[in-house]
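Asks: Chains as they are written, first to last, in this note's numbering: chain A, 1 to 293; chain B, 1 to 695; chain C, 1 to 315.
Do not rely on the hints blindly, as some may be mistaken.
[To be verified] Simulated crosslink set (DMTMM-like; lysine to aspartate or glutamate; CA at most 25 Å straight-line):
no., chain 1, residue 1, chain 2, residue 2
1, A, Lys248, C, Glu277
2, C, Lys231, B, Glu135
3, C, Lys211, B, Asp455
4, C, Lys211, A, Glu283
5, B, Lys462, A, Glu188
6, C, Lys231, B, Asp64
7, C, Lys231, B, Asp91
8, C, Lys231, B, Glu126
9, C, Lys231, B, Asp116
10, B, Lys70, B, Glu25
11, B, Lys462, A, Glu192
12, C, Lys231, B, Glu132
13, C, Lys211, B, Asp91
14, C, Lys211, B, Glu159
15, C, Lys211, B, Asp64
16, B, Lys462, A, Glu283
These are computed hints drawn from the structure, not numbers from a lab.
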Amino acid sequence: MATHSAGPAAPHAAGERRVTPPRRIPTTLVLGGVIVGVFVVLAVIGPHITPYGFDKFHFSSRLAGPSAEFWLGTDRYGRDIFSRVIAGARLTLIMAASGTFIGVVAGVLIGLVSGYLGGWIDEVLMRLTDITMSFPSLLLALLVVAVLGANEVNAVISIGLVFTPRVARVVRSATLGVRHIQFVEAAEVRGESNPYVIFREILPNVWPPIIVETCIRMSYAVLLVVSLSYLGLGAQPPAPDWGLMISKERAFIASAPWVVLAPAAAIVALVVGVNLLGDGMREWLSARKTSDE
Amino acid sequence: MSDAVTRPVLRIRDLHVSYYVRGREFRAVRGVDLDVLAGETMALVGESGSGKSSVAFAAMRGLDAAGRVKRGSIRFHDHDLLDLHGAALRDIQGSRIAMVYQDPQTSLNPAFRVGDQIGEVLRRHERLSRAEARERVHALLEQVNLPDPPRVARRYPHELSGGQQQRILIAMAFACAPELLILDEPTTGLDVTTEARILDLIAELATGRDSAILYITHNLGVVARFCDRVAVMYAGEILERGPVERVFTAPAHPYTRSLLTCVPRLDVSKHQRSLSAIEGRLPSLVDPPPGCVFEERCEHRVEACRVTWPGFEDVDGAGAVRCLRWRELPAFAFERLRDAEGAAAAAPSDHVVLQGEALRCYYPVRRSLGEFLRGAPHRQVHAVDDIDMQVARATTLAVVGESGCGKTTLGRTLVGLQRLTAGTLRFEGRPLEGIARERPRDQRRRVQIIFQNPDATLNPQKSVGETLRRPLELFARVEGAQAQAERVEELLRSVNLPEHYVTRYPHELSGGEKQRVAIARAFAADPELIVCDEPLSALDVSVQAAILNLLVDLQRRSTTAYLFISHDLSVVRYLSDRVAVMYMGKLCEVGTPEELFAPPYHPYTEALLSAISIPDPAVTQEKIRLEGPVPNPIDPGRGCRFASRCPRKVGAVCEREDPPVHEPAPGHRIACHIPLPELAALPQVIRYRYQEEVS
Amino acid sequence: MLHFILRRLSLLALTLLGISLLIFGILQLLPGDAATQILGAWSERSGKTHEYLRAALGLDRAWYEQYFGWLWGVLQGDLGRSLAMDAPITPILMERLGYSLRLAVPALILAVIISLVLGVVAAMRPNGLVDHAITVLTLGGVSVPAFVSGAILILVFAAWLGWFPSTASLTPGEGFLYWAKMLALPVATLTVEALAHITRITRSSMIEVLKTPYVRTARLKGLPVRVVLFKHALRNAMLPTVTVIAFNIGWMLGGVVVVEQVFSYPGLGSLVLFAIEQRDVPLLQASMFFVAAGYCVANLLADIAYALLDPRIRY
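Put together the whole structure using the sequences plus the hints.
Replies: Here it is, written out as C-alpha cells:
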C-alpha cells in the first residue's frame, strides 16, 4: 500500500489511461514570456526602427524634454533617448544571455559530475565552488573585469565565472536527489558507463531545476550587466547601455529626470519579465511533476 | 455487553468528501454511513484510493485545503462536528477526539522536544502549568513503556526510532483520555515485532480509558486480531460491514472475499495453488460508475450490476452488504492445507547457481573531525557479517528479517551495487567479484534485480519500450530493430501487459503495472538469478497477489533462480523453497519453509511468527513480544546478536560466545546456545482451529 | 554545539586560505606590475629606475615568496601599503569598514524584521489579495538594481521634496539625527533590495511548511491558530530564510559598492572602486580579501543560527 505522507492524498485519476490533465499555463509565465519576447524582438529589429541613430548628436536640442520629435527627450549631447533605449536592448540581452549561457553550461557539467561521481572529485570541486562563492557576486565580477580590462567581452566572462559555482550547487543537489533512485541503480547493475548514466539517465530528470535556475540566473545577469556598466566596468561609451546611460547622465536627474527614468524603466521591465518567466516556469514545472505522480 | 456499547460515540451519515485538483473534482468518499460505539474498536479497511483516510480526517475535521465535505453529517455525541468552528471545535480536537497518524516521523515537529509536544496538549486542554504538564508527560511516557521518561522527554524526534516516535504520538493522543481515538494506519512502516507491541499497547491504553477506536488500515491480519467490527471500503463506498468474526469467516461481498483469498496464507505454498488476484483497476473517482463500484473487477458480475446501484442488505443480522447477488454466491471457504495435500511439490534442482561463503559487507562510519584528531579507531557497520548461502537453479531462496538486518545489503552485493568486504561469491562456478561495471558482460546479464519501489524503478523520462530495449541492446542477445520490437512485445505479453504499452511512460502506469515492467526488464536479459528486493511491499494486497503469481509462473517457465528479500513471512511461506532468517547481519536459521514454521525454532524466528498478523480469526498465536532496544550494528562484539532481546536467553554465554549451529535435519540449521531438544520442545506458535480439533 | 562551531571555524580558516590564493592568483594576471603603474609613462624610458622600484616593492621575488610574505603580514594584522595613497592599508580599511557597517547593519535588521512579517502574512492565504499585493511588491524589489532605486529615491526625496541630502557627505562628531538624515536614503535603498529577497523565500518556505503533517498534528491538537503559525510553522520555515539572509549579506556587500557610488559615500565599496581605478594592487588585494572574509564570517553565523533552529544538525 502506498504510504502517503500527508494523510488522505489527493487521489489521481485511475481506471482510464492516465493522461496528464490539460495543464493551465500560469499567467505569470505568459506575461513574462510576452515581456521578454518584446525585448528580444527589439534586440533583433531595434536598430532598424529607431527614429534616429543612437549616437546621433542634436546639439540644438540638448536635454530636451519628451516631445513629438523626441519621444523620451534627449541627453546632454542631444542624443535621442528613445533610440538609445531601444538600441540598448540588443547589447544588454546579448551580454546577459552569453554570461548566463557560460555559467549554466559549465555549472551543469560540474554539478552533474560532482553529484554523480562523489568521492574526492566531488570534495575538490565543491571546495573550489565554496571559495568562489565566498565573494559577493558583484565583487568577484569587478575583480575579474578589473584584471582583464573593462569591456563587454570581459564582463560576460566575469558573469559566467560568477554563475558557474552557483549553478553547479543547484545541479549537484538535484543530481544527488536522483542519484540513488533505483532506476539509476538499475543502469549501474547493467554496467552502463559513467557518461551514459550521467547524460541519459540523470540529466533528463534534472531539467526542471536547471530551467528554473537558468531563468533566475538570467535576471541576475541583466542586473550584473547594467551594474557593471554603471560602475564603468562593462560597456564603454558611446555604447547605448542602460546602466552606462544612467551613470553618465545622472548629474542631470533633477532638471531632466527622463535621462535616468527612461533607461531605468527599460531595466526594470526586462528584469521583471525575466523574473515572471522564472516564477511561471517553476510553477508550471512543479504542477507537471505533481500531475505525473 | 453492557448498555453503553450500543450508544454511538461517532455517527457518520451520508458523508461525501471531494478533492478539487486543478479544476477537477475527485469524489473520494460517497455516501458513507458509519457508527463507532462506545468502548468498541471499529475497523475501516480498504486499499489505497478507497477513501478510508478521507473519512478519518473528515471525522477529525482535519481535511487538507484541497478536500471538502460536500454533504452529510458527522455527529460526535451530541455535537454536530460539521457545525462547530473556532475555539468550540478546537476544544474537542486533541482532547475528546484524538488521532494517531500513519507516519510518526513527519507527524512530529522536528524542532521541538517530544516532551514539550505532548505537554502542549495538556496545557491547552487541561490548562496545566508547565511543571504540572511535565509531571503528566513523564507519567504518560511511562505508560507507553518508554524507558527513563525524563530523559526521553528531552529528546528531539530525530533522536528516536520509528517505534519510539509512534509511542510519542500515542502518548499525545491518550494525554486527555479521548472518548474517540482515530488510528490512521498507525503501524505502517514499522517492523512486525514493533507492530505487535504497539497494537498491544494501544489496546491496553484504550481499555483503561474506555476510548472507542476507529481503526483505519489496509492490513486484514491486524483487523482480525484487534477489532470488533469492520467496514470494508472500496473506491469511496462501503461495500460490507459487520462483526469481524462473521465478515472473516463468511464474507458476503465478492470484494471482501477476494481480499481475504489474495493474501497468501501460512498453510499454502506455490506448489499447491496460485493466489486469487483481483485483476483490473480502481474505477475513476472523477466519474464514478453508476452501478456497483466493484462491477468492473468482479468475477460474479452480471449485466444488472453495471446499471443498478445496490443498496445495503442485511446479512443474517450480522452486518450488511452492498451486492445484488450475494445470496447466490457459493459458500465461502478457505482452502485448507489438507484440501491440497495431494499437490506434489516439483522436485527442486540440485544444481547450485550461486554459492557464497563467509560473506561480509562492512560500511565505514565517518569519523568527526574531533575523532580524527584524537586518532579514534575506524568504526564499521557490520551490515552483512559472515554469511554462507547457496541458491539452486529454478528455486527461490528467501531472506527474511526486519529493517536494518542487512538483507538488502546482501542482495546489493550480489548484483554488484555494493562491494563485498570479505568472502567469496561463486556464480556457476566462476568468481563473482567487485561492482557490476567490473564484471564481465555475460555475468552482468545473468544476475538481475527487481527493486522495491515501483515509482522509482523506472526512469520517468523513458518509455516502456526504451526501458525494455536497453538490456536487449546491451547484452546483444537480440539484434535488429525488428527483432527487438518483437522481443519487447513478447516480454510485455509474458508479464500480462498489452503490447501497446510500448509507447507509454511510467507516469501513465499504475504501481502494479510499473512493477510488471520492471520484472520484464529483469527477464529481458535472460538471467539465471534475479534478486527481488521487497518487490511487493509497496503494492496493495490485491496487486501483490497478481505479481506473486507472475513471479511463480515466470520461474516455472525459465528456470531462473530468485533471491527473494522480504519482511513478510506469509509471502515467504508461499513463494520460497528455502528461507534464511537474518538478524543484525547474521543468519539465525536456514531451512525449508515447512521446517521454519514448526519447532525447533530459533527464538527470533519464534518471535517473528508470533508477531505476524493473519487475516483469520480461526488462528491463534503464542504471544511472544520482544523487549529491549535493537542493538547498534557498529562494531558488535562476539556472542549471539539476538542476546540482548532474546526472551529465551540462556545466560552470560549468549553474550560471550558465538552460538553453535544445530542441524536438526539435513539443510536445516539453527544458530543458538539453547540445546536442540529444548528448541524442539517449544510449542507450535501458529495454530489453526482445525488442527486443534484434530489433535 | 561547541564541537560544531570548532568544525566550522577550521573550515573557515581553510576557505580564507583558498580565497587569499584565488585573489592573489587573479591579480597575478594583471598586465604589467605595480612598478609599471607607479612610473606610468616614465617606465619605458627609465629601465634602471624600474628595476630599482621592483626590488623596493619586492616584486623581483618568486610569486610564492610574495604570497607567503603577504600572508605573514595579514596574520600580524598588516595588510600592506597602498600605492595610490602611499599609506598603510589596515587603518584605512578599518575606517571604511565602520562607515559601511553603518549602512549595512541597519538595512539588514530592518529588512529581516519587515520581511518575516510580510512573508508569514502572505503565506497565510496563498493567492489571496494580500498575498498578491506582497508578491507584486517583492517582484518589483528584486527587479530593480540598487542604482535605479537609489536614483529614484534621490529624485523624489532629495530633488523634489528636499527632505534628505542626495549625497552623504560625512562630518565626524555630529549627533544621531544628523547621521539618520545622511544615511536615510542609502539605507532605504539597501533595505528594499534585501527585503524583497527575504520576503519571497519566507513566503514560499512558510507555504511548504504549512502543508506538512506536523503542522496538521499541531492543528488537530486543538492549538490556537496563532500558536500553530508562529510557534510550530515559523520556526521550521525560518531554516531556508536564514540561508537566504546570509546570501543577502553577500548581495548587500555588492550592493554597498553600488549604493556608495550612487550616494558618494566613503565606505568599503568605494574603496574597492578607487583601487580598481588607480590600479592599486595591494589595496585591491587587501580590500577584496577583507570583504570576502566578512562574507565568510556572515555565512558562519548563519550556519550557527541554522544549527540552533534545527536540532537535527547538531552533532
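Asks: Each of the hints needs a verdict: does it hold here or not?
Replies: To see whether the hints hold, each was checked on the structure:
For the given pair, lysine 248/A sits about 17 Å from glutamate 277/C by alpha-carbon distance, which is consistent with the 25 Å threshold. With a C-alpha separation of about 23 Å, the suggested pair lysine 231/C and glutamate 135/B falls inside the 25 Å cut-off, and the hint holds. For the hint pairing lysine 211/C with aspartate 455/B, the CA-to-CA distance comes to about 22 Å; that is within 25 Å, so the pair holds. A distance of roughly 17 Å separates the Cα atoms of lysine 211/C and glutamate 283/A; the hinted pair therefore holds under the 25 Å criterion.
A threshold of 25 Å between alpha carbons decides the hint, and for lysine 462/B with glutamate 188/A the separation of about 16 Å falls inside it, so the pair holds. Pair hint lysine 231/C plus aspartate 64/B holds up; C-alpha atoms about 20 Å apart against a cutoff of 25 Å. About 19 Å separates the Cα atoms of lysine 231/C and aspartate 91/B, which keeps this hinted pair within 25 Å; it holds. Between lysine 231/C and glutamate 126/B the alpha-carbon distance is near 20 Å, which keeps this suggested pair within the 25 Å criterion.
Simply put, lysine 231/C and aspartate 116/B have alpha-carbon atoms about 12 Å apart, close enough for the 25 Å limit, and the pair holds. Under the criterion of a C-alpha separation no larger than 25 Å, the hint pairing lysine 70/B with glutamate 25/B is consistent with the structure, at around 11 Å. Pair hint lysine 462/B plus glutamate 192/A holds up; C-alpha atoms about 16 Å apart against a cutoff of 25 Å. Straight-line distance between C-alpha atoms of lysine 231/C and glutamate 132/B comes to about 21 Å, which keeps the hinted pair within the 25 Å bound.
Distance check on the hinted pair: lysine 211/C and aspartate 91/B sit about 22 Å apart at the alpha-carbon level, within 25 Å; holds. Taking the CA atoms of lysine 211/C and glutamate 159/B, the gap is about 23 Å. The hint holds against a cut of 25 Å. Simply put, lysine 211/C and aspartate 64/B have alpha-carbon atoms about 8 Å apart, close enough for the 25 Å limit, and the pair holds. Simply put, lysine 462/B and glutamate 283/A have alpha-carbon atoms about 23 Å apart, close enough for the 25 Å limit, and the pair holds.
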